[in-house]
Amino acid sequence: MSGMFVHNLRLGTASLRRNVLLTALMIMSIGFGVAASMVTFAVFRAVSGDPIPHKSSQLFVPLIDNRGPQYNRHGEPPSALNYVDAVALMRAHKAERQTMIYPVALSVMPDDPQRMPFKAPGYATYGDFFSMFDVPFQYGSGWGSAEDEAREPVIVISRALNQKLYGGNNSVGRRVILDDRQYRIVGVTDNWDPKPRFFDTFSGNAYADPAQIYLPFSYAIAQHIDTRGNNNCGSDGKRGDTWETWLHGECVWISPWVELSSVAQVQAYRQFLDGYAREQREAGRFNWAPNNRLRNVREWLDYQRAVPQESRISMTLAFGFLVICLVNTIGLLLAKFMRRAPEIGVRRALGASRGDIYRQFLAEAAMVGLAGGALGLLLTTIGMFGLDLVFEPQIARLAHLDASLVLLTLLVAITATVIAAFYPTWRAAQVQPAWQLKSN
Amino acid sequence: MQIKPILSALRRHKAGTFLIAAQIALTLAIVCNALFIIQQRVAHLSEPTGIDEPNIFVIKSEWVGAPAPDQADAQMRADLQALRQLPGVQDATPSNSYPLRGDGWDDAVRLKPDQAQDSSGSTIYFADEHFIDTLGLKLIAGRNFRAEEVGHMDMRYKLAPPLVMITKALAERLFPGDTAVGKTIYLIGGPATVVGVVEMLQAQSVEHWASDFAYRAVIIPERLNVSLGTFYIVRARPGQLDAAMQAAAKALFAQNPRRVINDDDGVLSFSEVRSRAYERDRGMAILMGVICVVLLAITAAGIVGLTSFWVGQRRKQIGVRRALGATQLDVLRYFMTENLLISCGGVLMGAVLAIAINLWMVTRFEMHRLSLMYLIVGVVLLLLLGQGAVLAPALRASRVPPVEATRSV
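Chain order of the listed sequences is S and W.
Numbering-wise (our numbering), the first sequence opens with residue 1 and increments by one.
Numbering-wise (our numbering), the second sequence opens with residue 1 and increments by one.
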């Protein structure tokens, strides 16, 4: 059997050499088709992947409609919370873990006066953030609820910032001055940058540079540290015109996240949200029925359209392109196989069964597929360098060629070619031994 | 014409005929849509901003230590003075944003204070009396702000300036067929009188969601004091852009070093702003272009391959025809016509498919309906491609000598 297979491969290779033009056309066709699909797929895979696979079904964004049917968009509550609702959800503490998040950027003044000050982007959040999102630590850890409640100036910095400021040494316990305030470093995260950054799509930071600092939400609010992200106010005019009145106004700017690990907990949390909205209605703040949402990570990313439209369009068209390349291959294989009708007739007359013909020609197609896959791999590699031309740099840099993509490229090329070869092979196997012998 | 014999010959090659037609159909469908996407993207990225782009650059100056509004305003005035004194600088203005920046302040405009529905969305640009000259805007009615009318406000303070300028596009939306100057509009914080109208000023976002108010803007006579930082828009004297860009950052640091001007995007020429804003559109256009070219090449190669095979298979028949008196031209014409017939079938299927794909994309993505022009261009392109591809094998066929009729296969 395996000896037969090797024999078929040999026959295939010999036949491929015999008709160089047709063979080259097929290989190019498959190579280009597969490469276009693989390059666009690599980008799509990078932007549509699950950023936190083991927990994405347990992390939820609770949203509360504080605008009402007259001012909300298409009946959807705004995509973030205002301060009042954020604080209420934290106080209620109805989930296993919960956090509120808003983006900040603090200025770092290096000790060395020769070096320029720079901005370190990051987040004001609660201590649960690190355990909810499984943030890995190089040194130390996050802070706890005690620091949250006491509004303590503690900070977690990223491995990159620690490298920049302290040469990568353990800086836990050290003091750092940011925007004229002194913070105590409690932890240094290891490299961590989920893409898309599901917890900050509201401010359009799904593909932004990695965060460098994390500090307590309660401290940031007490110090009037402004959000550097979106502040969405709607057109109902209830905005507030000082820090205090703004905090109690209806502008939304805080991304809420809760962790709920069972269906029962999710159900209970929905009920809690509805109850909260009803209370607000009774208190006179809302004059509409509860209109809340509770979406897990995947649902949230879909809703926020985290996958860039360009990535979907280009992948759709690239797969259409692959289909055309395959139709092309069917035609060329048909031409190639039928040209050998006399040879098939002779082989059949000498006792080769239809099955033998099938095996021989499918093996030959597999060889074409393998060669096409190899060319496709080469073109995919070239294509990966050209991604910068097509996608924004922050998207382009996410896609990379790894072992799984290499395997997939070869697999798609061979499978597609063998599938394309079914019809031409069937035609070849139909050749009647007697007829061909007669005509000769 | 010899259409009937061609059709009966094709009936004996159903599979090959169908494959070529299918390939032409699919190619037409994809090429039409790709060309259409290219045209849409190129049209989008060619939209004018209305400002003197070649001479403008933008500085993003972030504060260190979150200054209070008054403190930030004093620093902004000092910075502007320093910038305007530079030899290469014609003028400079502070703003919260600028065209093509991406995001900023968008807000509702109404004509009555208690109106439930907005009259229009609008970009809100904060400005001083140098805004028009710095950007090179054309004032088409009314007047510019006077220096004494320009104030400053905290980011959160009520948006209620006594007077504003608006763009022509917004004026036409709010007061169709009427003059806007002297009229009152309502911003979120209260009424404002329109004192001037500028001809054109593009929004800060060119994304799809902002396309409703693409050229509608309100210019507010206030320096916006944000604790994070501010933008300075600077117009260099003609030919001195590079020098002015270098001098500007230095002048600001000399004025006060407690600030952050990023290395990579702290000082941007407007051409850089433009190229960043349209990165995705340009990328899509390039990708679609590459796909089109490769696709057409592959389809052409497929036609060459299959026709060559047919010619090879029919050498004997061609020889017979030649022996019976057909000229070389007759044989050439035979294969060209055959291809034309197949191509016509292909483009018919392809046209339907192209429209189907487009309709599907309209529902899935933010796309427009395919215009008929692209279909026609695509059809002509593919018919020509088919004829071009078949030419070489057809010529080879026409050179088959009549004596071939007497040879066995």
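Simulated from the structure, these hints should not be mistaken for laboratory data.
Treat the hints with caution; some may be incorrect.
[Said to hold, decoys possible] FRET-style restraints, in silico, Cβ to Cβ:
(1) W/D265 with S/G75: 52 to 58 Å
(2) W/Q255 with S/Q223: 22 to 28 Å
(3) W/E172 with S/E392: 18 to 24 Å
(4) S/E392 with W/Q255: 19 to 25 Å
[What the hints assert, rightly or not] Capping the alpha-carbon separation at 30 Å, the derived lysine-lysine pairs in DSS-like fashion look like this:
(5) W/K250 with S/K164
(6) W/K138 with S/K238
(7) W/K183 with S/K238
(8) W/K60 with S/K164
(9) W/K168 with W/K60
(10) W/K112 with W/K60
(11) S/K94 with S/K238
(12) W/K60 with S/K195
(13) W/K158 with S/K238
(14) W/K168 with W/K183
(15) S/K94 with S/K164
(16) W/K316 with W/K14
(17) W/K138 with W/K60
All residues carry an ideal CB built from backbone N, CA and C; glycine is no exception.
Quick one: which hint numbers does this structure break? Sort them smallest to largest.
-> Hints 1, 3, 4, 6, 10 and 15 not satisfied by this model.
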